[in-house]
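Engineer: The two chains are supplied separately, each in an independent frame; assemble them into the complex guided by the hints.
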Amino acid sequence: MEELVSLRGIVKRFPGVVANDNVDFSLRKGEIHALLGENGAGKTTLMNILYGLYRPDSGEIFIEGRRVKIESPRDAIKLGIGMVHQNFKLIPSHTVLENIILGLKEVGLIINYKAIGEKIKQLAESYGWRINPSAYVWQLTAGEKQQVELLKLLYRDAKILILDEPTSVLTPQECKILFQALRRMANEGKGVIFITHKLDEVFAISDRVTVMRRGKVVFLKETSKTNMSELAQYMVGRPVIFTIEKKEVQPSEEVMVIKNLKAFNDKGVLALKGVNLTVMKNEIVGIIGVTGNGQQELVEVISGLRKATEGSILIDGVNIVNNSPEKIIKLGVAFIPPEPLKYGIIPNLTIADNLFMKAYRYKPYSNGVLINWKTIYEKSEELVKAFQIVSPSLSAQARSLSGGNLQRLILARELSGLIGERIPRLIVAAYPTKGLDIGATEFVHKTLIEYSRRGSGILIVSEDVEEALMVCDRVAVMHDGKIVSVFKPGELDIEKIGLMMAGVEIAST
Amino acid sequence: MAKLLAIPYTVKIQKRTYITRKVSISITFLSLILAFLVVGLIFIFMGINPVDVYYHITMVFSSPTLLFESFKRAIPIGLAALGLSIAFRMNFWNIGAEGQMYMGMFASTGIVLLHLYYGLIPDYLVMFLMMLAAFITGGLWCSLPAFLKIKMKVNEILTTLMMNYVAMYFVDFLIYGPWRDPKGYGFPLSAPFPDYAKLVMLLGEFAYTGLLLLSLTAALVYVILKYTKLGFELKIVGESIDTARYAGINLSKVITLGGFLSGGVAGLGGLTIVSGIIGRLRPRASPGYGYTAIIVVLLSSLNPWLIIPVSIFFGGLFVAGDILQAALKIPGAAVEICQASIFLFIIVGEFIKRYRIMIVQKGGIE
Ligand SMILES: Nc1ncnc2c1ncn2[C@@H]1O[C@H](COP(=O)(O)OP(=O)(O)OP(=O)(O)O)[C@@H](O)[C@H]1O
Ligand SMILES: [Mg+2]
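In order, the protein sequences belong to chains A and B.
In terms of our numbering, the first sequence has 445 at position 445, counting the first letter as 1, and numbering is strictly consecutive.
Going from the second sequence to our numbering is simple: count from 1 and add 509.
This is chain B alone, in the form it adopts within the complex (with noise of 0.2 Å):
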């Protein structure tokens, strides 16, 4: 065998076995600059200076308002977050953050309708039965999933995933239907919501409540993955199922109770979408928040305390697209490729901090 062209590199990809945390922080803000320069190519092909384009993505991190409409934007995507780090802990691939944010509005929505109409119960315990209803119904979207997994080996990618196609429907459904307002014109929108039903402002602007609510959360599922028993079954489940079988683990009560936790925190995004961003509810309320979770939640490397600024981050990102939008006529869709292209680069980075890519010379005789 002649080789003519031996090369003496080869490019070879080994799982890392630990990472430090500088190494780590440095290559997700690497390539944070490597997406905004490449999204600043893409400007400049459109035509558009990117300059611009920085300088209205900065706004949105400086400007008081615009910061604050980002935290708004961030509370849905941080609690679907919170979530999903419940499910992932487990090896549970949870990608149906998305359906159970929007069981969460659907179960909101429904106790401010019945209340409307019927008025049973004193306004202000509203919100607190919405929450109740928000996070059952997210957690037994995704303990459905769960259940099935373990007692039918039924993969809970799929499960998940067709379950958000079924739950937007179901609002669809809802919205053009029953639930339409008969004061609306017409619209496809609920009954707007009172203000007993929508998340205040407690004192100015910076404490509203539901940033409140998503850091109490993120303390809470600390809590919880950190110092109970349950949080521990949750980790070692997601370590090996046969192990923790072994180690005499109730499989099918820890997988269905962590889908169900999983779920009700992204139920209570949802709730924050309608009563904290729209004050109502509509079709489509959610332009994706509970896809971003996920990579929130794998940029977070599951940690809660990291998902509130990483989630804000995104949520800013949201709100630039609009602005982009509005400001310098940029179309819709070239504003999704730009948010692609970021989330691409965080993907890669992602990649890059668990494998090792190395060119390495051919070993061999000296």
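Chain A with its partners taken away, still in its complex shape (with noise of 0.2 Å):
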């Protein structure tokens, strides 16, 4: 079979790290390649490299037989290499066709929108997908953006598609889809890496699968000639449980009421309209839906982001609504943000800086005017090494952190109770395990359930609908910024989920 891409001895170092160490690894035409492994394996610098993002420190790249050098994206797009990126790069203010020929030397001065729009609209409706090219991106779900981030590569007649976790943010409906027209491309003898976390969709989706771990390539094999464990077992090195224990626990008091909420999205349109939602103490709530959906602005009104317009939140019978976030992070309100580089991380900083950008002004940490990094420093090395982050130091840069470590380090200032040295009341967590490998998210799992059995209430946000009915205690629909119905894991199937999900479906209950 012919070789699209073919990676020779590629060594990638940062200070600290090396990143890609003697990386080979190949694509074929035609053909789905999955990349394993943990979080900061080298997957991403990996393609990086490929897409001209990086230069390799050495190691050779060929296109179909030749010997290229690609120094930046646009050889790369050149070349026929396109890539979606972990976090989606599109402009919500742009409408899908500006996002899909921004950049575009050949449309030239004058666009002719009608021709280019009726090109747009083929290419969709050729893979199955239904995108209006003058839609704004801010209206379209996340499994559109994803439609589109690919309609622009395949506007550009990219040949290596490259497809950085692309499945993190999808329902499993909008999955089915974009596997469906991934495989089509192969069989149009298109290339497709396909970067992810999540063993089955390995075996639904791939013809050959390479694992990477601690910058080495250590695996590669025709999928059907492997399995889960083996694969699991190269990825982390042990062997790993799939399923998790959940001890019973009656919920004794409520934690959050809320009642009859309202709130505005940024386009001053009303995104929550009269959410009723109570969350227990020793309770896991899950909230399931489409993006978009309202789900985004729930935990903002929650944490004191966003103005409710109506309505009440009652945290230990305090209604918080639209009080400041000091406030509401002084009650016990953890929060994982649903985009970590939206608000959550500061890039620049360092990884000490991010751990304690909340808890920085609660004793022990500072006194009146003084910051006390002494016990910041020492108490930083403690999380680190819980929530194993890996790190060169802790005064690197966040920047210089892999997508799954820059979440173990949310997830480090949110969980470890910095504030008032007790586990939090409550925690909104969205999209808790995005971009985390299995073992950590194996720990994040382990880690909700063990702080709502200690007394956490706990409210998650996901997309992962057999994620929320293992963890969660109850399972919420969120569908057109109402909650649809609550029920409990094992009282509804998958399939009558998803059609409540797409709004399809009214509930009963």
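In case anyone wonders, no lab produced these hints; they're calculated from the structure.
Careful, some of the hints might be misleading.
[Unchecked claim] The calculated lysine-lysine pairs, modelled on DSS-like cross-linking and capped at a C-alpha distance of 27 Å, are:
#1 K262/A / K744/B
#2 K385/A / K662/B
#3 K735/B / K307/A
#4 K330/A / K762/B
#5 K307/A / K660/B
#6 K198/A / K221/A
#7 K327/A / K744/B
#8 K342/A / K735/B
#9 K267/A / K662/B
#10 K379/A / K660/B
#11 K374/A / K744/B
#12 K330/A / K744/B
#13 K327/A / K762/B
#14 K738/B / K379/A
Structural biologist: Dropping the structure here:
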């Protein structure tokens, strides 16, 4: 079979780590190649090299058998390479069409919107997508945004497609659509590199699988000739348990009661249309739904970042609607935000700074005026160990962390009970395992369950229905700014849940 | 598409992620050397021997009296720059140090004049009161734009810049009007300051109290930025307002307070002009120290300690300008052109430090 890409002996060093240590990788024509590995294994770095964002310290790149030098994404695009990044890079205030032609030289000065729009539409339809080229990106769901990212590559005639953790924000339905499209692309002779942490996806979609560990390739096989536990073994270096134990606890008192909550989104459209929900002590409540149905607005209102226009949120009986984040934090509300880079992390500051950007103002980390850096550094040392954050040092910039390690940093800050030296009263966690490898996901699930059993009330927002059913005590489906159904795991089957999420089925409960 | 003249190279500008100290210092020195070469060329065109010019400039930094004069000019520049380092830390683009200095001059002179007329407090307390007044007035002059920024999203670059002119003309008005010295033969000058209202020499010239004031303030700013809660908050606000809000930081408080400190320190700088350099208030008492401070603080990459030597260098350039006008009869405008070219080269150097300019071979098939 013809080789589209061949990377040979790629080495990339960053201060303190060898992110890629003599890596060989190949992609064939018509193949979907899964790239697996723990957080920080070097997957994104390798793909950034192929896409021209980083230059390798040594090694060679061959595209269709010819040796090439890729100095920039522009060169990569010219060679037919396209990449969808771990965090989407579309401009929300532009239309689909504008995003797709952005940066295209060939378009020229006079843009024929109609012809281009027609072409985009046809392209989308050929993959079974329904995309309106003149819709604004902010109006799209995560799945549709993904489609636009892919259309952008297809429009440029990319034949080598790199997708960095494309499914971490998709619902099962959206995943299915994506997989169908990817298969079609492969059948057309394109090659797809698919980075993921979810093993079932590897088996659902890929032809071959490469596993990276600590910068090296440790495994390469046809997918049909391997199995889950073998892959897990190579990724983590130990067997992984896929189910978790949940001790039964009787939820006793109400931690948070939300009544008739209404709020607008950034565009001034009513996004919460009267939300009612209760979270008890010792209980994990999951909110599932297609992104953009008000989940983000809901968690922002709870954490004080967004104003509500009506309704109330009682936390231990105190109404906190429209209070300052400072006050809400002090009540013991931990918040794992939906998009780490939007406000969860400051890339330019150190790991210690990021760990303590909330707790710095409380004892013993500061007194009246002065910050107690010694205590902060000692505690940071502990947290980095406990949450297994892989980093060169505490004073390294957060930007040098891999996607999954950034998420661990946020978890360490929010869950470790730095404020008031006690576990959080309420944990609001939006997509808490987004981008985490299987080991870390297992760790987060266990931690959340442990905290709930020790007395926290927990609200999880997730797109991963299976995760929600596995971890939560109760699950609420959110659609169009409302909670449309609340049930216990096991009460409803997956099909029905999917329909409710899509707004097709109206709940009977 | 026929590409007949395909050039295989392109120029790319890229933000640097990090830069070693050695490279950074080399770039600064290189841009300074280039600047002086270009200045030399300008003088050659004007028919002046550049060697004479260089000689006079090096004199400034070798003769004790002139060096001391440079120190004196360095104090207001350095204090203004220290103030700016606080504002810039929180991404508040205060370009109003000039105006905040004028407000500091106004306040300290006001105290002196009040004391001259009414004599309410013992003389040795006057200096202390002047400092307090200069700090508060300069601080308020800057916390207003800070407050407007956070409450009404008014762009601080515009407000701070415009308030420079308000402050400058306000001082003009006072000196041409009510504060003109009745014994001053009609010149637009305030009454001269008595000795207790001047920055004195404690132990010979090098223990000039101004230098002491500058060093102490630098130490204080360093401690505030590095070891206090406010310093940490300023840093987070400077990186991302959204994250600061998420972390529960009280934005109005931090930005207004940061603005107050920034303007306050610049206000102290104003005091050192009237009390240290001139000994009274006159219109246009600052030849643009507040603007020079912007370059100083960028050149020092917001580091309070670096600000001291860098301001002494710039103080020296101001003195050199005066000397060149007097000794070589070079017109003032020419001197300003030279100063501006030096500034320009430094700014280009700073740009190169932050961005990588690369001439790269176009990629593709080898
Ligand atoms: N710009 C950078 N500066 C310094 N170190 C970096 C940089 N980018 C990545 N690294 C380091 O290189 C290693 C590999 O990171 P990479 O992002 O490739 O991991 P990954 O396999 O994509 O992980 P994840 O699953 O968490 O996204 C990590 O240790 C990371 O800290
Ligand atoms: Mg990654």
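Engineer: So, for every hint listed, does it hold in this structure?
Structural biologist: Going down the list of hints, with the structure as the test:
| no. | hint | verdict |
| --- | --- | --- |
| 1 | K262/A / K744/B | violated, 34 Å |
| 2 | K385/A / K662/B | violated, 42 Å |
| 3 | K735/B / K307/A | violated, 34 Å |
| 4 | K330/A / K762/B | holds, 18 Å |
| 5 | K307/A / K660/B | holds, 16 Å |
| 6 | K198/A / K221/A | holds, 17 Å |
| 7 | K327/A / K744/B | holds, 21 Å |
| 8 | K342/A / K735/B | holds, 25 Å |
| 9 | K267/A / K662/B | holds, 18 Å |
| 10 | K379/A / K660/B | violated, 36 Å |
| 11 | K374/A / K744/B | holds, 19 Å |
| 12 | K330/A / K744/B | holds, 22 Å |
| 13 | K327/A / K762/B | holds, 15 Å |
| 14 | K738/B / K379/A | holds, 18 Å |
When the structure is compared with the earlier hints, violations turn up for hints 1, 2, 3 and 10 and for no others.
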